[in-house]
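Peer 1: Make the full structure from the sequences, and use the hints.
Using the UniProt record's numbering, the letters of the sequence shown map in sequence onto residues 1 to 170.
No lab work stands behind these hints, which were simulated from the structure alone. One thing to keep in mind: the hints can contain errors.
As the list claims (entries may be wrong) - Just the calculated beta-carbon pair ranges, DEER-fashion:
hint : residue 1 : residue 2 : range
1    : Leu-126   : Pro-93    : 35 to 41 Å
2    : Gly-35    : Ala-151   : 19 to 25 Å
3    : Glu-16    : Asp-94    : 34 to 40 Å
Even for Gly, the Cβ is constructed at its ideal location relative to N, Cα and C.
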Amino acid sequence: MDDLAEPSHQLSDPQELLLGYLDYYRSAVARKLHGLPEAELRTSRLPSGWTPLQLVNHLLYMERRWLRWGFVAEHVDAPWGDIDEDDRWYVSPDATAAELVARLDEAGERTRAIAEAADLDDLAALGGRFQTDADRPTLAWTLFHVLQEYARHAGHLDVARELADGQLGE
Numbered sequence: 001m002d003d004l005a006e007p008s009h010q011l012s013d014p015q016e017l018l019l020g021y022l023d024y025y026r027s028a029v030a031r032k033l034h035g036l037p038e039a040e041l042r043t044s045r046l047p048s049g050w051t052p053l054q055l056v057n058h059l060l061y062m063e064r065r066w067l068r069w070g071f072v073a074e075h076v077d078a079p080w081g082d083i084d085e086d087d088r089w090y091v092s093p094d095a096t097a098a099e100l101v102a103r104l105d106e107a108g109e110r111t112r113a114i115a116e117a118a119d120l121d122d123l124a125a126l127g128g129r130f131q132t133d134a135d136r137p138t139l140a141w142t143l144f145h146v147l148q149e150y151a152r153h154a155g156h157l158d159v160a161r162e163l164a165d166g167q168l169g170e
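Peer 2: Here you go:
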């Protein structure tokens, strides 16, 4: 896999920084899956019980909830489809790492398109996730929230990968 690089330290545009770091963390998540045997992708190494594939599926649904369903009020099927009836993360038994990574790339492209069509201080549309003016976050808040979710869960995946096979680093 290619070297993982953060956005330029000279970049000053806030929107490009947010989008650049989202791309960076999506790539970091994909790298953590690369080379893991199928059994490890579906095995939990932590008491909370999630598997690497469940975590990636959660990230996909989370980004979709906040940007597509949330910010642009697009209709999405099963916005909470990453959570089972026991309120635990879920991934289809047929899902593969390659499929989920491809969907991460697609999610990134869609997020970038949504963000580039708006200003950071624009409010989310009504009618999707948000039903009142008081609930609508700005694009800046939304992107930052999605970024912190990716960063936090990439760290969780770092721990799971180290426990699985000792691999360290980004």
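Peer 1: Each hint should be assessed against the structure and marked as holding or not.
Peer 2: Here is how each hint holds up against the structure:
1. Here the CB-CB span from Leu-126 to Pro-93 is close to 37 Å, well matched to the stated 35 to 41 Å.
2. Here the CB-CB span from Gly-35 to Ala-151 is close to 22 Å, well matched to the stated 19 to 25 Å.
3. Checked against the hint of 34 to 40 Å, the C-beta distance between Glu-16 and Asp-94 comes to roughly 37 Å, which is consistent with it.
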